[in-house]
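Q: Each protein sequence line maps, in turn, to chains A and B. To convert, note that position 54 of the first sequence is 54 in the numbering used here; the numbers rise steadily by one, no gaps. To convert, note that position 21 of the second sequence is 1021 in the numbering used here; the numbers rise steadily by one, no gaps.
Among the hints, erroneous ones may be present.
[As the list claims (entries may be wrong)] Here are the simulated lysine-lysine pairs, DSBU-like style, with alpha carbons at most 30 Å apart:
1. B:1024 <-> A:121
2. A:118 <-> B:1049
3. B:1049 <-> A:121
4. A:60 <-> B:1030
5. A:60 <-> B:1079
6. B:1009 <-> A:60
7. B:1009 <-> B:1024
8. B:1009 <-> A:121
9. B:1024 <-> A:60
10. B:1078 <-> A:60
11. A:117 <-> B:1030
12. A:117 <-> B:1049
13. A:60 <-> A:102
14. B:1078 <-> B:1049
15. B:1024 <-> A:102
16. B:1079 <-> B:1056
17. A:105 <-> B:1078
18. B:1079 <-> B:1024
19. B:1056 <-> B:1024
20. A:118 <-> B:1024
21. A:121 <-> B:1030
22. B:1056 <-> A:60
23. B:1030 <-> B:1056
24. B:1079 <-> A:117
[Said to hold, decoys possible] Far from chain A, some chain B residues (derived; all Cβ distances over 12 Å):
25. 1005
26. 1033
27. 1068
28. 1073
None of these hints come from the bench; they were simulated from the model. Small disclaimer: the values here were computed from a predicted structure and weren't measured. Even for Gly, the Cβ is constructed at its ideal location relative to N, Cα and C.
What follows is the residue order along each chain.
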Amino acid sequence: MTATLTRPALPTALVEGLDDPETDGSVKTNELVIVAESGDLERTWATTILASTAAAGEMKVSIFFTFWGLFALVRPEVRITGTNWMQKMLSMMNRPGIDHAKLSKLNFAGMGPWMMKKLAKQYGVAEPRELLEMAQALGVRLIPCQMSMDLMGITADQLIDGVEPAVGAAAALELMTNADASLFI
Amino acid sequence: MTVTTPVAKTVDARGLSCPLPIVKTALAIKELVSGDLIEVLATDPGSTKDFVAWSKTTGHQLVESSVDGGVYRYLLRKK
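Okay, chain A solo, but in the shape it has when bound (with noise of 0.2 Å):
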C-alpha cells in the first residue's frame, strides 16, 4: 500500500469562495455566540472588538452576559444594585457599568484603566463602550442572564438600552448549539 501525504480537501463551497471573487459571501450566514462572563476590562474589550467586528462582517452575534460580564450592561448612573446589603456590598466594591470595568492585572486602584484609555485614545482604539454602542447599532443581541439578574439584585430598569429580556442557562445553551463559534471570555 503506498501512502500519500494529502492535505484534507477543504469543503468546495470555502475553495469556490476562496477562488471566486465574485462571491457574493451570501449563501450562509455564520453565527457567532459569546458568553461574556468576565468583568474585567481587557476581556469585555476582547468581547466587544470581536462582536462588533462579526457583525459588520454580517455574522449574527449574540452575547450572554453572565455574572461579573453582567455588571457592563448597568446604565452609568447606577451607582448600587440589589435590594440586601450583600448585593449593594458587591456593587459598592465592583462599581457596575462599561465603563468602570477594572483590569485583571496590573489595575493599581483605577491607574491601570485610565493609562490604557489614554494609550487607546492616542492609538485610536476605541473604548468598549463606543464598540458596544456600534455593535448594537449593527444588530448584535445583548442578552441578560436572568440567574445573574436575581442573585445580584440587578433588575430590568438598571440595563442599558436595546438590552434583551433575561434568559437562563438552556435558552443560552440553545443558542450556542445552534452557532458556528461560541466563546467563553
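Please arrange chain B on chain A, whose structure you already have, making use of the hints.
A: For chain B alone, coordinates are given in the frame of chain A:
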C-alpha cells in the same frame, strides 16, 4: 478601471485602529442603497487585508484600493 458613479459617502477612518475602519464602514454602508459607492480613508496598515477579507465575506465589491503618503483609500460598491 475608471469609476464614473459619484461616491455616495466617505468614511474618514484616518488615525483609527482595528476594528474601527471596518466597523464604521459597516455602519455607514447600511444607510446606502445597492450599487452605491462608498469611499474609506484609513491609516491602519492592517486595513488592506481587512477590506479584502471583509469584501469577500459581505459581498460588497472592493472596486479600488490604493495608498498615497500613508493614507489608504478603498472604494467599495454596496451589493
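Q: If a hint holds in the structure, say so; if it does not, say that too.
A: Verification of the supplied hints:
1. Between residue 1024 of chain B and residue 121 of chain A the CA atoms are separated by roughly 16 Å; this keeps the pair inside 30 Å, and the hint holds.
2. Taking the CA atoms of residue 118 of chain A and residue 1049 of chain B, the gap is near 27 Å; set against the 30 Å cutoff, the hint holds.
3. Of the pairs offered as hints, the one joining residue 1049 of chain B and residue 121 of chain A holds, with about 23 Å between alpha carbons and a cut-off of 30 Å not exceeded.
4. Straight-line distance between C-alpha atoms of residue 60 of chain A and residue 1030 of chain B comes to about 15 Å, which keeps the hinted pair within the 30 Å bound.
5. At most 30 Å may separate the alpha-carbon atoms for a hinted pair to count; residue 60 of chain A and residue 1079 of chain B meet this at roughly 18 Å.
6. The hinted pair formed by residue 1009 of chain B and residue 60 of chain A meets the criterion: a straight-line CA distance of about 25 Å does not exceed 30 Å.
7. Restraint check for residue 1009 of chain B and residue 1024 of chain B: satisfied, since their Cα atoms lie roughly 12 Å apart, inside the 30 Å limit.
8. Distance hint between residue 1009 of chain B and residue 121 of chain A is fulfilled; the C-alpha atoms sit about 25 Å from each other, no more than 30 Å.
9. In summary, the hint linking residue 1024 of chain B to residue 60 of chain A is supported, as the alpha carbons are separated by about 17 Å, within the 30 Å threshold.
10. As the CA atoms of residue 1078 of chain B and residue 60 of chain A are separated by approximately 19 Å, the hinted pair is consistent with the 30 Å bound.
11. The hinted pair formed by residue 117 of chain A and residue 1030 of chain B meets the criterion: a straight-line CA distance of about 29 Å does not exceed 30 Å.
12. The straight-line distance between the Cα atoms of residue 117 of chain A and residue 1049 of chain B is roughly 26 Å, inside the 30 Å bound, and the hint therefore holds.
13. This hinted pair checks out: residue 60 of chain A and residue 102 of chain A have alpha carbons roughly 29 Å apart, not beyond 30 Å.
14. A C-alpha spacing of about 18 Å is found between residue 1078 of chain B and residue 1049 of chain B, which places the hinted pair at or below 30 Å, so the restraint holds.
15. Under the criterion of a C-alpha separation no larger than 30 Å, the hint pairing residue 1024 of chain B with residue 102 of chain A is consistent with the structure, at around 27 Å.
16. Distance restraint check for residue 1079 of chain B and residue 1056 of chain B: the Cα-Cα separation of roughly 11 Å lies within the 30 Å cut-off, and the hinted pair is therefore satisfied.
17. A C-alpha spacing of about 43 Å is found between residue 105 of chain A and residue 1078 of chain B, which places the hinted pair above 30 Å, so the restraint is violated.
18. Distance restraint check for residue 1079 of chain B and residue 1024 of chain B: the Cα-Cα separation of roughly 17 Å lies within the 30 Å cut-off, and the hinted pair is therefore satisfied.
19. The suggested pairing of residue 1056 of chain B with residue 1024 of chain B holds, with an alpha-carbon distance near 17 Å, which does not exceed 30 Å.
20. Only pairs whose Cα atoms come within 30 Å are accepted, and residue 118 of chain A paired with residue 1024 of chain B is accepted, the gap being roughly 21 Å.
21. With a C-alpha separation of about 26 Å, the suggested pair residue 121 of chain A and residue 1030 of chain B falls inside the 30 Å cut-off, and the hint holds.
22. In summary, the hint linking residue 1056 of chain B to residue 60 of chain A is supported, as the alpha carbons are separated by about 17 Å, within the 30 Å threshold.
23. Proposed proximity of residue 1030 of chain B and residue 1056 of chain B is supported: the alpha carbons are some 17 Å apart, at most 30 Å.
24. At roughly 36 Å between alpha-carbon atoms, residue 1079 of chain B and residue 117 of chain A are farther apart than 30 Å, so this suggested pair is violated.
25. Listed as outside the interface, residue 1005 of chain B is consistent with that label: its C-beta sits roughly 19 Å from the nearest C-beta of chain A, beyond the 12 Å cut-off.
26. Look at residue 1033 of chain B: its CB is around 16 Å from the nearest CB on chain A, clear of 12 Å, so calling it non-interface holds up.
27. No beta-carbon of chain A is positioned within 12 Å of the beta-carbon of residue 1068 of chain B; the least distance is around 19 Å.
28. At the 12 Å boundary, the C-beta of residue 1073 of chain B stays outside the reach of chain A, the nearest C-beta of that chain being 17 Å off.
The structure is inconsistent with the numbered hints 17 and 24, although it conforms to all the rest.
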